[in-house]
Amino acid sequence: MPPPVTPPPTIPLLQAHSLSKSFALGRRRVWGEKRFLTAVDDVSLSLGAGDSLALVGESGCGKSTLGRLLMGFDAPDRGRVMFEGQDLARLRAGEKRRLRARVQMVFQDSGSSFNPRRSIGATLAEPYRIHGRAWSRAAIEALLEQVGLSASLYERHPVALSGGQRQRLNIARALALSPRLVVADEPVSALDVSVQAQIVNLLRRLQSELGLASVFISHDLAVVRQIADRMAVMYLGSLVEEGETLATLARPLHPYTRALVEAVPRPGRALVAPLEGDVPDAVSPPGGCRFHTRCPVARPLCAQERPKLETMGQERKVACHFPLV
Amino acid sequence: MRGVLSRLGQTLFVLFGISVLVFAVFFATPGSDPSARIAGRGASEETIARIRHEYGFDRGLVARYLSMMDHLFLSRDLTSYVNHGQNVVAEVFHAAPVTLSLVSWAALFWVGGALVTGMLAACFAGRWPDRLLSGLGILGLSVPVFWLGEMVNLLSQSRFHDTMLFRWVPALGYIPPGISLTGWAKCLILPALTLSIAFIGIYGRILRSDLLAAMQEDALRTARAKGAGPVRLWVFHALRLSGLSVVSLFGLDFAQLLGGGALLTEVVFALPGVGHLTYQGLSTLDLPLIMATVMYSAFFVVIANVLVDGLYRLLDPRIGSRSGTAARGGRSHG
Amino acid sequence: MDDALLSIDALRLALPSGARLLDGVSLRLERGRILGVVGESGSGKSLTGLSVLGLQPRGRLEGKLAFEGQDLLGFGPGDWRRFRGRRAAIIFQDPMTAFLPVRRIGAQIAEQIRLHSLCSRREAETRVIALLSRMGVPAPREAARRFPHELSGGLRQRAMIAMALSCDPDLVIADEPTTALDVTVQAQILMLLREIGARRAGVMLITHDMGVVAQICTDIAVLYAGVVVESGPAEAVLRTPWHPYTRALLRAIPPMDGARPDRLPTIEGTPPAPEARPPGCVFAPRCPERRAACAFRPALRRHEDRSVACVLYP
Numbered sequence: 001m002p003p004p005v006t007p008p009p010t011i012p013l014l015q016a017h018s019l020s021k022s023f024a025l026g027r028r029r030v031w032g033e034k035r036f037l038t039a040v041d042d043v044s045l046s047l048g049a050g051d052s053l054a055l056v057g058e059s060g061c062g063k064s065t066l067g068r069l070l071m072g073f074d075a076p077d078r079g080r081v082m083f084e085g086q087d088l089a090r091l092r093a094g095e096k097r098r099l100r101a102r103v104q105m106v107f108q109d110s111g112s113s114f115n116p117r118r119s120i121g122a123t124l125a126e127p128y129r130i131h132g133r134a135w136s137r138a139a140i141e142a143l144l145e146q147v148g149l150s151a152s153l154y155e156r157h158p159v160a161l162s163g164g165q166r167q168r169l170n171i172a173r174a175l176a177l178s179p180r181l182v183v184a185d186e187p188v189s190a191l192d193v194s195v196q197a198q199i200v201n202l203l204r205r206l207q208s209e210l211g212l213a214s215v216f217i218s219h220d221l222a223v224v225r226q227i228a229d230r231m232a233v234m235y236l237g238s239l240v241e242e243g244e245t246l247a248t249l250a251r252p253l254h255p256y257t258r259a260l261v262e263a264v265p266r267p268g269r270a271l272v273a274p275l276e277g278d279v280p281d282a283v284s285p286p287g288g289c290r291f292h293t294r295c296p297v298a299r300p301l302c303a304q305e306r307p308k309l310e311t312m313g314q315e316r317k318v319a320c321h322f323p324l325v
Numbered sequence: 001m002r003g004v005l006s007r008l009g010q011t012l013f014v015l016f017g018i019s020v021l022v023f024a025v026f027f028a029t030p031g032s033d034p035s036a037r038i039a040g041r042g043a044s045e046e047t048i049a050r051i052r053h054e055y056g057f058d059r060g061l062v063a064r065y066l067s068m069m070d071h072l073f074l075s076r077d078l079t080s081y082v083n084h085g086q087n088v089v090a091e092v093f094h095a096a097p098v099t100l101s102l103v104s105w106a107a108l109f110w111v112g113g114a115l116v117t118g119m120l121a122a123c124f125a126g127r128w129p130d131r132l133l134s135g136l137g138i139l140g141l142s143v144p145v146f147w148l149g150e151m152v153n154l155l156s157q158s159r160f161h162d163t164m165l166f167r168w169v170p171a172l173g174y175i176p177p178g179i180s181l182t183g184w185a186k187c188l189i190l191p192a193l194t195l196s197i198a199f200i201g202i203y204g205r206i207l208r209s210d211l212l213a214a215m216q217e218d219a220l221r222t223a224r225a226k227g228a229g230p231v232r233l234w235v236f237h238a239l240r241l242s243g244l245s246v247v248s249l250f251g252l253d254f255a256q257l258l259g260g261g262a263l264l265t266e267v268v269f270a271l272p273g274v275g276h277l278t279y280q281g282l283s284t285l286d287l288p289l290i291m292a293t294v295m296y297s298a299f300f301v302v303i304a305n306v307l308v309d310g311l312y313r314l315l316d317p318r319i320g321s322r323s324g325t326a327a328r329g330g331r332s333h334g
Numbered sequence: 001m002d003d004a005l006l007s008i009d010a011l012r013l014a015l016p017s018g019a020r021l022l023d024g025v026s027l028r029l030e031r032g033r034i035l036g037v038v039g040e041s042g043s044g045k046s047l048t049g050l051s052v053l054g055l056q057p058r059g060r061l062e063g064k065l066a067f068e069g070q071d072l073l074g075f076g077p078g079d080w081r082r083f084r085g086r087r088a089a090i091i092f093q094d095p096m097t098a099f100l101p102v103r104r105i106g107a108q109i110a111e112q113i114r115l116h117s118l119c120s121r122r123e124a125e126t127r128v129i130a131l132l133s134r135m136g137v138p139a140p141r142e143a144a145r146r147f148p149h150e151l152s153g154g155l156r157q158r159a160m161i162a163m164a165l166s167c168d169p170d171l172v173i174a175d176e177p178t179t180a181l182d183v184t185v186q187a188q189i190l191m192l193l194r195e196i197g198a199r200r201a202g203v204m205l206i207t208h209d210m211g212v213v214a215q216i217c218t219d220i221a222v223l224y225a226g227v228v229v230e231s232g233p234a235e236a237v238l239r240t241p242w243h244p245y246t247r248a249l250l251r252a253i254p255p256m257d258g259a260r261p262d263r264l265p266t267i268e269g270t271p272p273a274p275e276a277r278p279p280g281c282v283f284a285p286r287c288p289e290r291r292a293a294c295a296f297r298p299a300l301r302r303h304e305d306r307s308v309a310c311v312l313y314p
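Heads up: the protein sequence lines correspond to chains A, B and C, in order.
Here the first sequence is numbered in UniProt numbering, starting from 1 and rising by one per residue.
Here the second sequence is numbered in UniProt numbering, starting from 1 and rising by one per residue.
Here the third sequence is numbered in UniProt numbering, starting from 1 and rising by one per residue.
These are computed hints drawn from the structure, not numbers from a lab.
Even for Gly, the Cβ is constructed at its ideal location relative to N, Cα and C.
Keep in mind that a hint or two might mislead.
Subject to a maximum C-alpha distance of 25 Å in a straight line, what follows is the list of computed SDA-like cross-link-like pairs (lysine to any residue) [claimed, not checked]:
hint	chain 1	residue 1	chain 2	residue 2
1	C	64	C	17
2	A	34	B	318
3	A	317	C	259
4	A	34	C	152
5	B	186	B	157
6	A	317	C	257
7	A	34	A	18
Examples of chain A residues toward chain C, derived with CB under 10 Å [what the hints assert, rightly or not]:
hint	residue
8	115
9	119
10	198
11	200
12	222
13	226
14	249
15	272
Construct the complete structure from the given sequences, taking the supplied hints into account.
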């Protein structure tokens, strides 16, 4: 096994340069225009080694698509993803395979992602086999204990596991090849509160123990606050705000972020509906600022001109003509 | 509307492909020189050569194919190689109403029968009516249609013909509705029932399992929560939801029966339908007749497909609407 | 005694195999109140809601289930038909699958109206449009002509609520009504539910989200492994939870304000499966305060306006 190459400190672990991705939907009429759904629209991000970033937004905002682009599962229509300074689109097949070992994904649905006929030990040996690495039973048992599962589960089958244990197994599988980056898509949203707390703690511990960089895709701000140091808020495919998590949640700059924060039900707060209506159809998003149709502080300019993501103060960025201060 | 146009293109392509295939198989099959067969047994070489020239068999394959298509579709005067002078297009047009009548009656019986047996079996799932119907269904499926037909004939035409039960049954054969509407119905009821038995078995079973699956849907729980009674639940909700797969199956079966699939029934009950005609063409290797019947049946299968598609769209509004949500970026909650 | 709209006492739901899905559910709901029924998956909270309408998928109910003093367990099929939709209605979690996908929204709501009152198709239609507009559906006339998949998630859930309210029920059961919705839409739907509670009907809100309970419920009942372990006024229970399970559950929620804890307090282990419930206190195996007396199932005891089933509160 070659020693992991540490990139020079100036190059971030992961960089995304103006990523865009749309999906063709087919025409509504024979001679009608071909319609596209823009899932990700000109998004730039960067993540250092050991950083944790949360992608936050409502359904259809493009956060999962962005996650897939960052993983190299899908190729962006425009823009580049650089991992350790290398453009994912230009990697040769062999290099891409090696990259797969260093970037891993954890999904929400932990039940269906295991082969029920394969033992837990064999499930965890699979990544080693695929990547042609040597493994031992001891290494896999150590991996099980690292995620808080008993080493005695080695011979058992995934069916015997509870939801929380399955998600631990999922995490163990992602960690098998000692990745540098883990992308987790709603890793705890299918779990009950008490189990969710266990998994959140586990993810936090792994981040600090292994120096793992992580991207969390989540709609749950309380979980995001607990798990990620930075957060990026998406609305209809674009980033509207990015910054340090605690500061962003305490004093949001974008009206949409504020609405998301206010919408979290919690004791001691009056119930208010922060926004009218639903998220608009992503096939024909509103012009100008995409949020202006629901924005409580929109002004005429917002319908005409699309705001750019600009730096404001310390480590904060916002795409709004009239940010909240 | 995009669907209809592309369907039309597909249809034409399929029909063309089938015609080429049938034509090619016929002429590429060794030992099937049509000139020899037309000339009859023991004909001299000269006669065969003359026939070969007369019928244009000495010309190129493409030219022969084109001329056959011209005779089949444009001038519609294609004649049989075997029964000299017989216009096969007219033959098919004569036979088609017979088959259409038979299959329509059968469809009536099998849809009605399947609805009754499927509903009953689903309502009594796991209890004795369900098991009884399941056994009968398998029996109906496994009885060969020609044997059943012969048995029916034996009972209704000879042995018990003069009893109360079968006195009304006319002699074997077809009576067009233009001559006697009641005669038409009478001569078709027993053949149609015979033909539909196997289909009642299949459709009843499919409907039963579809209904039971539909009863497990959230939407049916909602209907119960609304205070809907059992009839409304089964008929207006479960049946409405589960009818979809049966509709598509029905279209295909109906079309393939129209296209000659009812051959055995037609032969047993001496009905001069398209199946009968196909049988005749195949047994004498009469290319024009085979060509005409095959094209006819292909045409019906494709048409039925288009109709089923349309019906499906009517029954299920989700089809044909945009599938955008599937491609959307984020998922919301667990 | 029985002036309550809904009164459930020691309700049990057992399968033929002997597994007990509900193993002692006791709660009371009065008109104009919103009762939050809270628990994790498998706790039996949804089953409790379904049982009130006689919609439990399998098993046999025992105990007491009374609606305005009327025994629901003695109901025949005809009684249930007149009861469901008219006296008590339910709002399901996912309006996409809860509506019949092949019929228009308006027709589905009108069906319920016509099931319970003699009125013409046109009268029902007018009532549907009025209902939709009361639920805050923009362009209600057009929305009524839509199929479920043609509406957004928020509008679908509003239509579902309109259907539940169409016959002016006395009891509305809402089973995780906002779980399938986006957060910004969730608040809109919760406000609608609070309005129903203000209209003399009783609302039973089944949820896993303590924040939701804190914001709109007047009362709370906490379920664990098929048993109500604690109940009382929502504010009091959330401020000073008594039962060790309620305490642990509240602590496990990541905070939205204040300092970020390094580690969230957790409850070790997992809830027992229905066929493997302990004979004593159901929470004992995971309870930090476990003692010898926990080997016997504690009853849900009343202490003024609150109740708790724990040996710590004799």
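Now the hints, each set against the structure:
1. C/64 - C/17: Holds. Residue 64 of chain C to residue 17 of chain C sits at ~22 Å (cutoff 25 Å).
2. A/34 - B/318: 20 Å, holds
3. A/317 - C/259: 23 Å, holds
4. A/34 - C/152: At roughly 23 Å apart (the allowed maximum being 25 Å), residue 152 of chain C and residue 34 of chain A satisfy the hint.
5. B/186 - B/157: 13 Å, holds
6. A/317 - C/257: Given that 25 Å is the threshold and the Cα spacing comes to 22 Å, the pair holds.
7. A/34 - A/18: 24 Å, holds
8. 115: Because about 23 Å separates residue 115 of chain A from the closest Cβ in chain C, which is outside the 10 Å limit, the hint is violated.
9. 119: 21 Å, violated
10. 198: 5 Å, holds
11. 200: This interface hint holds because 6 Å falls under the 10 Å limit.
12. 222: 4 Å, holds
13. 226: Given a least distance of 4 Å, the restraint on residue 226 of chain A holds.
14. 249: Holds: closest Cβ of chain C sits about 7 Å from residue 249 of chain A, inside 10 Å.
15. 272: It holds, given that the least Cβ distance between residue 272 of chain A and chain C is near 7 Å, below 10 Å.
Comparing the model with each earlier hint shows violations of hints 8 and 9; every other hint is respected.
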